[in-house]
Amino acid sequence: MQTIKLMHMYPNMLDLYGDSGNVEIIKYRCKMRDIDLEVSSHVIGDDTADFSRYDIIYLGGGADLEQQILAEDLLKCKDAISDAYKKGTFFLMICGGYQLMGQYYKDSNGEKIPGLGLFDYYTAASTDKGKRCIGNIVIKATLDGEEYNVIGFENHGGQTQNVTSPFGTVLAGNGNCFSSKTEGYMEPSVVATYLHGPLLSKNPKLCDYIINYVMTRKTGEKYTAQPINDKLEEECRQQLFERLLK
Amino acid sequence: MGLKNGLTIFFGKMMVKVLRLIGKDAGNAPGLVLWTLNKDCLKAFKVECPIIAVTGTNGKTSVTNYLNHIFTSGDKKDLKIITNKQGNNLDTGICSLLLGECDFHGRVKADYLVLETDESHVPVIYSKLKLETLVVLNFFRDQLDRNGEVETLILKVKKFLETYEGNLVLNADDPNVARLGLANPNNKNVHYFSVERYSGATDQPYEVGEGKYCPFCNSKLEYEYYQYSHIGKFRCPNCDFGSARPEVVIKDVDLQAPSFVIDGEKYKPSHNSIYYIYNLGAVYTASKLYNISKDVLHDTFEHFEVNNGRLEVFEVAGSKLLVNLAKNPVGANMTLRVMNEHPGEKELLFVLNDNLADGHDVSWIWDINFSVFKDVTRVVTSGSRAYDIAIRIKCSGYDPDKIVVKPDLDRAMESFFSTVGDKFAIANYTAIQPTRAAIRRYKEGTEDAND
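Chains B and U supply the protein sequences, listed in that same order. Here the first sequence is numbered in this note's numbering, starting from 38 and rising by one per residue. Here the second sequence is numbered in this note's numbering, starting from 138 and rising by one per residue.
Looking at chain B on its own, in the form it has when it is part of the complex:
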């Protein structure tokens, strides 16, 4: 049996909107393909591990307070994380995790939290705490050359700008900023997004895209995850597209 190693960063702090569900879904979909997902975690104060040992690095979303508290620790991991990124580890980042990998995040109290600077984008939230992008969202992404509608729920005060390669174009909802055309950030080995819900629950092909990427990289051969029973997911998507894309 193959094993995929996932590093869950700050699971006790970046877990605002059921974000740990993404790990549960990856684990489930791996298991259905006879792949074992081994989950490790990094919390504040842990030694800076060799992050390139992991196949996937995952960061969820958190409240402003938690992001403030963990920022310092995250900066200590900067070299190890960018080493993993350069070597091709897959990065999945939601909301706060997305923001912290950019240049900086200026929170709703006006406090500037430095990001890891892995990517060029930067984020600033309105100091009016009531001004947030909240609601169901559908974006059109391209996975392995195929268009795929990704459904989720966004709830963020942060407005992210200077995104060179977005995750998708917005079909319904806000995206990176209020009424923006684009959402998230993507490279072949990176998906960074404001979509929770959790993200992977209603987008099984996105989860399989990650599994395919990781397995292909590990084995050196093109890997395509075998279809599994996704009847519930398909019906769910159908129902929501009808509702949200009218």
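Simulated from the structure, these hints should not be mistaken for lab results. Treat the hints loosely; a few may be bogus.
A few chain B positions that, by computed beta-carbon distances, are all more than 10 Å from chain U [unchecked claim]:
#1 E184
#2 H233
#3 S238
Derived pair list, reagent style SDA-like, types lysine to any residue, alpha-carbon separation capped at 20 Å [claimed, not checked]:
#4 U:K511 - U:Y535
#5 U:K349 - B:N49
#6 B:K168 - U:E288
#7 U:K141 - U:K176
#8 B:K166 - B:F215
#9 U:K296 - B:N249
#10 B:K283 - U:N492
#11 U:K293 - B:G167
#12 U:K267 - U:D177
#13 B:K64 - U:Y535
#14 U:K357 - B:N49
#15 U:K213 - U:L426
#16 U:K349 - B:D110
#17 B:K268 - U:K267
#18 U:K267 - U:C186
#19 U:K176 - U:E288
The beta-carbon is built from N, C-alpha and C at its ideal position, and this holds for glycine as well.
Go by the hints and put chain U onto chain B.
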């Protein structure tokens, strides 16, 4: 009464009268209109009796109903209590309630007002109506898209409490609540309650929780044990937080009996869930402030039922069904605990809506711990987000072939009751009343058919 206040009340009363004349239940509308016209409209009411408010994420409706029952029990049957039993707990709802009850001068005549109050509305309402007692039960993550982050909500209530000097009944075992006792160091009327470790408590957290860090010094809180979620015996290793001496301590909790001991007396409650016992702790502590007799408390704890979708029992077509409202992960986890502790095979119905009052965001279902399913032979899901909850349960490792999705409630009931046995139902906020109605419709339908 000032001219503006006088006009406000006059206009409001007329509105209620007209609505009643045309046969409409006044509901929330008059309060909403009044609030829009005059943001200070609550100041126009003259309330001379004590106001008791109950707030917190979970248990507000139950505790309010218990207090209402207790205040009119024993030798106090003639007392007039004004209360929002149905959980109409926002500023506009409470405004509508008072409009319906007051005279044309805005006078509200009652012995007590017992008001369930939404956490985020506590400051706006009680900066205008004089509050005598505030009961705070707990703070959990709940409808984040509507309420914002839990911390924001707590800070709102804390700010109000900084100048509040009335009675404050607080759950000492919830760090999010206990911290409020320090909001106003001059308030001498802070009363904490606590529940001693029970058999289901764990050394490590079992369900998702908030309040992992000390609100005063950001140190990680240390727990001796967790009763459920982040409720338990905690203390901050760095500062004194967590050292408050509770005035009411529930001891010897025995969920099998069920029974517990307070102030040396044994009580036999009608339900056996730990979160329900915390609710009774709050009820007891508030009752103490109003010299309620022990006989009334014994009788209430043993016999009173809130029903209304709160641990409500139905007998349908040979099956026994327990229905419980769950608006957030902690509420759902509690029902799953009750279900798992129930011996033998059972089936679960989960009704999930995503209407405005539920919060449009249903991602909270991923914080429910479904991996603990024990002897659950089938799951039926329903509501506008029936598929979301089905996927959630599937990804916890449950066989998708045992999940039946029926977004329409009546179809869901047909499927749910197609087998006979022990059943449990969880429904979220806007789903609970339609679920109860659908159960009754199904029950009546089958009983008619058997006539």
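Unmet hints by their number, sorted upward, for this structure: Result: hints 2, 3, 9, 17, 19 break, sorted rising.
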